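Trainee: As given, the protein sequences belong to chains A and B, one line each in that order.
Counted from 1, the first sequence has number 339 at position 345 by this note's numbering; the numbering is strictly sequential.
Counted from 1, the second sequence has number 273 at position 73 by this note's numbering; the numbering is strictly sequential.
Think of the hints as simulated: they come from the structure by calculation, not from any bench.
No experiment lies behind these values; they were computed from the predicted model shown.
Any given hint could turn out to be false.
As the list claims (entries may be wrong) - Derived DEER-like restraints, expressed as beta-carbon distance ranges:
no.	chain 1	residue 1	chain 2	residue 2	range
1	B	Gly755	A	Val138	55 to 61 Å
2	B	Glu476	A	Thr22	56 to 62 Å
3	B	Asp751	A	Asp118	42 to 48 Å
4	B	Gln300	A	Phe41	14 to 20 Å
5	A	Asp6	B	Gln300	44 to 50 Å
6	B	Asp751	A	Thr57	45 to 51 Å
What the hints assert, rightly or not - So, partial list: chain A residues that the calculated Cβ filter (under 10 Å) puts toward chain B:
no.	residue
7	Val251
8	Cys314
9	Gln364
10	His376
Glycine included, each C-beta is placed from N, C-alpha and C at the ideal position.
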Amino acid sequence: MSERKGYILFIDVEPNTGLKKALTKKRTEVIADIRNSGLKGRGGAGFPTGVKWNLAASASSDTKYVVCNADEGEPGTFKDRVILSEYTDDLLEGITIAGYAIGAETGIIYLRGEYEYLKKQIVDTIDKRRSEGWLGKNVGGKEVFNFDIEIRMGSGAYVCGEETALIESLEGQRGEPRNRPPFPVNTGFMGCPTIVNNVETLVTASRIIAKGVDWFTKYGIDKSTGTKVYSISGDCEKPGVYEFNIGITIAELLKEVGGGNAKAVVMGGASGRVVPAKDFAKTVAYVDAPTGGSVIVLGQERDMLDVAENFLEFFVEESCGQCTPCREGNPLLLDGVKRLKNGTCSMEYLQELMSLAETMQLASKCGLGQSSPNAFLSIIEHFETEIFGRVPVM
Amino acid sequence: MEDKKINSDTSRAPKSVKPHTIKIEDTDGIGGKVKVTIDGVDVRVPFGTTILDAAKMINVHIPTLCHHEDLCVAGVCRVCVVDVEGQRTLQASCAYPITQPIVVHTTSPKVRRARRNIIDLLLSKHYGECYSCVRNNNCELQTLAKEYGVDKYRFGHITERRHEVDNSSYALRRDMDKCVLCRRCVRTCIDLQEVGVLGAIGRGDETVIGTFMDKPLADVICINCGQCINRCPTGALQANDPSDEIWNAIDDPKKHVVIQTAPSPRAGIGEEFGLEPGVPLTFEMNTALRRCGFDKVFDTNFTADLTIIEEGTELILRLYNALVKKDPQIALPQFTSCSPGWVKYIEHFYPEYLAHVSSSKSPQQMFGAVIKTYYAQINNIDPADIVTVALMPCSAKKFECNRPEMSDSGYKDVDYGLTTRELAQMIREAGIDLPRIPKSDFDDPFGSATGSGVIFGATGGVMEAALRTVFELVTGQIADPDALAGQVSEIRGFDGIKYKELTLPEKLGPVPDILRMNKDVPFDSWDWLSGATLKLAVAHGTANAKKVLDDIIAGGKFSECHFIEFMACPGGCLGGGGQPIPTTPEIRKARAKAIYSEDQAYEIRKSHDNPAVVELYVKFLTEGPNGHLAHKLLHTHYTPRGKYIA
Ligand SMILES: Cc1cc2nc3c(=O)[nH]c(=O)nc-3n(C[C@H](O)[C@H](O)[C@H](O)COP(=O)(O)O)c2cc1C
Ligand code: SF4
Ligand code: SF4
Ligand code: SF4
Ligand code: SF4
Ligand code: FES
Chain A
-5 MSERKGYILF IDVEPNTGLK KALTKKRTEV IADIRNSGLK GRGGAGFPTG VKWNLAASAS
55 SDTKYVVCNA DEGEPGTFKD RVILSEYTDD LLEGITIAGY AIGAETGIIY LRGEYEYLKK
115 QIVDTIDKRR SEGWLGKNVG GKEVFNFDIE IRMGSGAYVC GEETALIESL EGQRGEPRNR
175 PPFPVNTGFM GCPTIVNNVE TLVTASRIIA KGVDWFTKYG IDKSTGTKVY SISGDCEKPG
235 VYEFNIGITI AELLKEVGGG NAKAVVMGGA SGRVVPAKDF AKTVAYVDAP TGGSVIVLGQ
295 ERDMLDVAEN FLEFFVEESC GQCTPCREGN PLLLDGVKRL KNGTCSMEYL QELMSLAETM
355 QLASKCGLGQ SSPNAFLSII EHFETEIFGR VPVM
Chain B
201 MEDKKINSDT SRAPKSVKPH TIKIEDTDGI GGKVKVTIDG VDVRVPFGTT ILDAAKMINV
261 HIPTLCHHED LCVAGVCRVC VVDVEGQRTL QASCAYPITQ PIVVHTTSPK VRRARRNIID
321 LLLSKHYGEC YSCVRNNNCE LQTLAKEYGV DKYRFGHITE RRHEVDNSSY ALRRDMDKCV
381 LCRRCVRTCI DLQEVGVLGA IGRGDETVIG TFMDKPLADV ICINCGQCIN RCPTGALQAN
441 DPSDEIWNAI DDPKKHVVIQ TAPSPRAGIG EEFGLEPGVP LTFEMNTALR RCGFDKVFDT
501 NFTADLTIIE EGTELILRLY NALVKKDPQI ALPQFTSCSP GWVKYIEHFY PEYLAHVSSS
561 KSPQQMFGAV IKTYYAQINN IDPADIVTVA LMPCSAKKFE CNRPEMSDSG YKDVDYGLTT
621 RELAQMIREA GIDLPRIPKS DFDDPFGSAT GSGVIFGATG GVMEAALRTV FELVTGQIAD
681 PDALAGQVSE IRGFDGIKYK ELTLPEKLGP VPDILRMNKD VPFDSWDWLS GATLKLAVAH
741 GTANAKKVLD DIIAGGKFSE CHFIEFMACP GGCLGGGGQP IPTTPEIRKA RAKAIYSEDQ
801 AYEIRKSHDN PAVVELYVKF LTEGPNGHLA HKLLHTHYTP RGKYIA
């Protein structure tokens, strides 16, 4: 299948091994396996998948939904695209297992608008699975487990990757995040309990059922089990999509991709944090440097303020405009970076902006605004000399 | 385990406002109550109570901006954030339902910094010019700035306009440079009114509240109800103020300026002068209006009584033709027509039901037509020199008086619709201390009015007034208004949709003289109504109107009604778009109380007993109710508009 080097995800598994096993278990046993595996969401927030499934499973409702978040819009992230195109069948299997576990009859893949070209392949695979009895009525011969999957195209807005905005968008509304609580596991698509999971999470879940919890927990570290798929880009020799054991340090990762001479890396795309070279001994994912999968390598010549400017331009563009801190805050941070660049930002104003950045992190309505100042703040924290050199002495 | 309903968040379409269930464990075993600790004080609140409401219970003030009691939760301004122990981020207290015991801090340094930053952010983009702003001294943004001691614009302050003021509508004026994007107007228009002309367009810092394709308000399906104005925290929305033109007319010695005053403004205007809601200032207002320079001060209740006669006659004729003559063309139920917001709503959304709307004009328009004809005639004034002003609780009245069909007198029947808020401003400008001036009565010849006219201001009032008259005219027995009110108590109060069946006695009276004036009335006894059951309904707020209409379309119980009162505004006119700001369910209740107590103070409480109305028929509308001249002056037709306008 794939030439990629892998451990859990990028491996070949006999199709439907996981689903067959799942169907011999009780729903609660499937959820218990996922819970015991320690799997955390691979979409960025890292919420324990088993807990999420359990909440949706125990919510009282006749109708429930599984939504596969394939909106992958974080700059520098393209790992879901690879999984979607190379492991389509396994993904559909994972969605079906999730549907079985929580008691849903419908799965929805919310596919990023730019991935339209993958749609036919996915639809064909869905059709194939339906004709083989892995979707539709009595899936895999299991009495009264009916399940089918449909595809909806995203609208091209980054914020629609946020799970409640995604649901709004599915319901035909402007893609704007909702208040939480209530959470989608309780009140999701059309008001029904809904789990939203990342592409990688769902494939990993099917692997766990196929090959067992013990096999899975051999990978990773204590608090973060398994492996993680990364999209690595920027100033390195071998950019691309990689699967690494969780617990790998940034230095090791850089060695694999030929980025040894990096000045810094951005973990988690535009909403992530900038890690300077002195901290490259840190481990990746859920420990010291969380990431939804994007690693951007920054070479020695990079101007850190360019990086911040770039990211903030992205957020100014992508803010849904709903809440005050994010809507009005991002343009001000962007303006601040420009002032820093041309040496017109006073220390005093910089303090105000840092306080503003804290407010954005704390008071924004959704993860976009909450994480948009991360890069700005970490650059100021770690690259003091590079930045303050340009502040005019007041 | 217990299932409880709480409201889902939305700032958008009503279909996403679904009650849903959350399952929680009843952690401290006290049946549905949850313990919350706010700033060190413990309080037990019903499951699902928001932190904001819980704080109110113990008198902890949390500032808000996008929150409004009448509206569903938005959680967008973030001014109300608080610190919930164990949560990484601050939480919007207006949007956070308490479902398990939590500890909340409402004024930690983090919280104060965040609120201050957010207010500074709002101000940075706010085109503030308070002294020339309609909301100066009654503005929630201004209040927030004061509360948080804003002493400088840390993030700048915009001084250039970014948007053009939309002045296209007769009723509303939109200045988006003063908008803080709280979206209360959006929620009002969609959720409360089910009209939905306003929405957020654009993204990020280019977001603006706009209309469909950003058209001027006059070119979209706005019904002019002004409910959005009443809930806007700032001066971004206001009614189109004619007071300069009115002052000019007053100052022009050639002009004879008369004002009619509707029942609701008198119940609300005290709020503009610092009084508690619910203190009527009817007779003080008369004095103030004369001091302002109006030549005559009339009571719209006069034409409310006239409306009852005209609309009641129309109903009786419809009933006769449908029930006795079996004429299939007759549209029943008959819908009231006095709320111009409602009329425009049905023109846009249910144009195929326009035949149901009573052809009787609203009291405002009847008054205008009578003043520029009968009044001009008996006083020997050239109608061209008369300026009629209508003091109304309503912004839609401004649109109504500009309808081309509203000039049956040969002139514009009503020249200006003036709101309660705008009159309060004129009174302040004239240096009058309204609550503390002597009282005076209305002017003749329309001075006499009845309690029936007064209750037009509250939801159910038109229905109740009509029943007082119909009951007495049909049974020939004197109806005691209070006894009747008890009999039809379902019709009062603030339920969104009210329904009542009323069975007439077997033995009915003679057809009264006032009806016999109209020679075309085709019956000379009430036998055909003997023992009949009248089915009646009342709906206020167009979202409720929509429910009733959809039920009629589906052939439900409202399709069997004979008469339905519709008001565009929640609470009826007393909650109109021209009434004092703020508005809340409590304030509207207080105004209703004022209106019903006014009714009881009247000696005459039934429209047909109003001597001035009787005199008008005897001296002027001599062919009686629904007669030829009445038809020409007091009735009209409506325009099917549809939902899409070019
Ligand atoms: C602004 C924003 C964008 C997001 N975009 C994505 C995305 O493209 N794909 C994704 O899987 N999760 C995205 N997320 C995270 C989702 O909200 C959600 O946490 C995730 O889909 C849950 O799946 P998981 O538990 O399997 O990780 C985004 C979150 C935010 C705040
Ligand atoms: S944080 Fe930004 S993207 Fe999220 S709701 Fe607020 S404005 Fe929209
Ligand atoms: S909206 Fe409020 S803050 Fe703005 S100019 Fe008017 S009064 Fe001042
Ligand atoms: S006046 Fe009424 S219909 Fe018009 S925008 Fe405001 S709420 Fe909507
Ligand atoms: S116009 Fe008024 S109510 Fe509407 S969003 Fe702006 S400030 Fe809020
Ligand atoms: S009042 Fe709570 S977010 Fe606006």
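Trainee: Which numbered conditions among the earlier hints are violated in the structure presented, ordered from lowest to highest?
Mentor: 1, 6, 7, 10
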